[in-house]
Amino acid sequence: MTRKQKRSVVIFGALAMLGVAVALVLTALSDQVTFFRTPTELLAAPEENSGRIRLGGLVENGSVKKDDSTVEFAIEDVNDRVVVRYAGILPDLFREGQGVIAEGQLQSDGTFLADTVLAKHDENYMPKEVADRLKEQGYWQGDEVSATQ
Amino acid sequence: MIVEIGHYALVLALMLAIIQTVVPFVGVKSGDARQIAMAPNLAFAVFAGIALSFAVLTWGYVTSDFSILNVWENSNSQQPLLFKFTGVWGNHEGSMLLWVLILALFGALVGLFGSNLPPTLRAMAISVQGLIAVAFLGFILFTSNPFERLSPAPLEGQDLNPILQDIGLAIHPPLLYLGYVGFSICFSFAIAALIEGRIDAAWARWVRPWTLTAWGFLTAGIAMGSYWAYYELGWGGWWFWDPVENASFMPWLAGTALLHSALVMEKREALKVWTILLAILTFSLSLLGTFLVRSGVLTSVHAFATDPTRGVVILGILVFFIGGALFLFALRSSSLSNGGMFHPISREGGLVLNNLVLTTATATVFVGTLYPLLIEALTGEKISVGAPYFDATFVPLMVPLLLAVPFGPLLAWKRGDLYGAAQRLYVFAGVALLIGLLTLVFIEGMHVLAVIGIAIGVWLLLGAFAEIIQKSGWPKAGASVAAARLRGLPRSVWGTALAHAGLGVCVLGIVSVSSFQQEEVLRMKPGAITELAGYTITMKGFEERQGPNFVEDVASFEVHRDSDYVATIMPSKRIYTARRMPTTESGIFTTGFSQLYLALGDPVEGTDEIVVRLWWKPQVTLIWLGPVLMVIGGLFSLSDRRLRVGAPKPSAKRRQTLAAAE
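Protein sequences appear in the order of chains A and B. Using our numbering, read the first sequence as starting at 558 and increasing by one per residue. Using our numbering, read the second sequence as starting at 567 and increasing by one per residue.
Chain A with its partners taken away, still in its complex shape (with noise of 0.2 Å):
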């Protein structure tokens, strides 16, 4: 092999690797994304959002029944409610009240089926997307819940 060979080689490798990965990204980014809803959102536009969403709100107050592992509770925002089942552990910090984020799919009966339920990190605060959206909404206010603590 000449020089010249040797490096097209290389390149060609490269190129090709390069090529494999961006296929692969572009393909995983638009069938593996999960947007953030929160409920008035998703109700808005069920079709449009039958795939894996992320629904973030505040746990409606009397709204957790729990019932042997599964648990069904209410996640709102200032217009809307989506009730949401869940069969686990829900986290330490899952309070009625509070902020929280439900990841899973919008069932035909309009339920929300959650394979996974964030709540926060500690005290300090709420999920980011959450408290951002709420306040869109005039909802809630970041300072209240800082100064609480």
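It should be emphasised that the hints constitute simulated quantities derived from the structure, not laboratory data. The beta carbon of each residue, even a glycine, is placed where N, CA and C say it ideally should be.
Far from chain A, by Cβ distances over 10 Å, these chain B residues were calculated:
1. 625
2. 714
3. 883
4. 1092
With the C-beta cut set under 8 Å, the calculated list includes, among others, these residues of chain B facing chain A:
5. 910
6. 918
7. 926
8. 930
9. 937
10. 947
11. 950
12. 952
13. 959
14. 1087
15. 1148
16. 1168
17. 1170
18. 1177
For each label pair, taking beta carbons as the anchor points, the in silico distance ranges come out as:
19. A:654 x B:1000: 56 to 66 Å
20. B:1094 x A:672: 21 to 31 Å
21. B:988 x A:560: 24 to 34 Å
22. A:577 x B:996: 26 to 36 Å
The hints should help you fit chain B onto chain A, whose structure is shown.
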């Protein structure tokens, strides 16, 4: 008074760091030997200043001096001494102080061990290291001062975040930072080489031990963090592809590539420009990681506080260093001479493949981590990219590399014999396939991907030792001759084998847990019995306990196998009194490499039942033992004479064995 000394020492360190940046640089440019010779002492002085400041903050924590705002926010007098101590870096300000402490430590180490370096290169590297220190010391003093006072001093502190009150906090951040920040040395050497416009095999020989050291710490730090998250969070997961995890994983991938390309440069003077670029990229990814974790753009346990100015300042530092380095690279790299060429099938070719795959994989992780931030900035749409994305991109990209790893060390430099290597490896490939197929026969409902995964793991594990077997001449040479040859092998050969075997071990653990894990969630009351993976688990009862700064409800479960008592597992739920914050403490029973993992949920109201989540995690500990093997491999390589810092020349006898081995 003591607190002010700490603050003052930090300001002094900043001033000294400015001198550390300017004087050696000017010295090199003007050829002033005295200024060049000052570099190491300046690096020592900066380290001493930061160390004093760190010691003072530690003193504040240990004595619970709540007149320091930072201590009040993150400590409590009731905390056990260990957590008072580790609390120093369990917050934004303190962890940044640890960051610069380690940065200065590495600068001082270059001063200490760099006596065999050309004085100008050493001075220039120390100068660049000083510039990084200036940026971060300035960041700490102006936006994140850990010595801010609080008056009047409260009687009691707010307590450290309970999730962080664990031995993991004592180990994980220091190890991780030693790795992350350790790559700054490679960066400084790369910049110094670009400024000097000269780079050769000797450069790679000096830089490789530093890369290896940083890489070893980063490997250990990531593995430790993974195990910590696994037992502390109570979710039973060991890797979440969380942006913060990715932030540490990207420098690891790039650093691993750097480790391998520096090898080519050292041995063959090839891939020079590429190695320099990788050195820059690796530390740039470390800086990016610092930005992602510390700026508050992400939500996670690691983001202690969200203050927008801090994010902007770190972003500024990031842009300055990465942009500056790449600009210098663009300006100077063409002046670096090209090294020897090689056939695509050769040791160099194998290492190039390694680099291609690792950097591409880094890029996919990079895209997955930053895409949500980009989309939010552009459209305001909030999305998240999770495990499915990485499973679909990172994993398939890595597979060809995993298959190729055992071939690499068997190929000769310049021109290798792929057919010959295949002949040496086909037995291992056969065994790997056989073991994969056996699991298919003996375990019901095996997924074909699991079979492939196990075969790849075994292939890596066995194939790692092919080079050693080849070099020993066994079985053609007799056992005694082979043993003598093994003793004569350079330690770096053992290092390579152990690190590659560690990769195999880790793959086996991952595949085993993802395919054979068993999980159950149920309500149990005292006396209730359940079965999992052949174990009978009986709930005995509850007990309330008082900890130093928490109260906990401990449940005890007795584990039996075939009516023989095996163990008692005691998971608990704690309430930390100062913050009124509950945490879940998992209960783990380790048997062989596998673990039985129990976590408590909420009590069921109106009954004496509680939700319990049980997992059987077969061979899960291999996931972390693999990286431990990698680190041991790194230590072996580091102790190799050829690489030892300050001892570049092998002894006469050694040179003969080396010549014989190659």
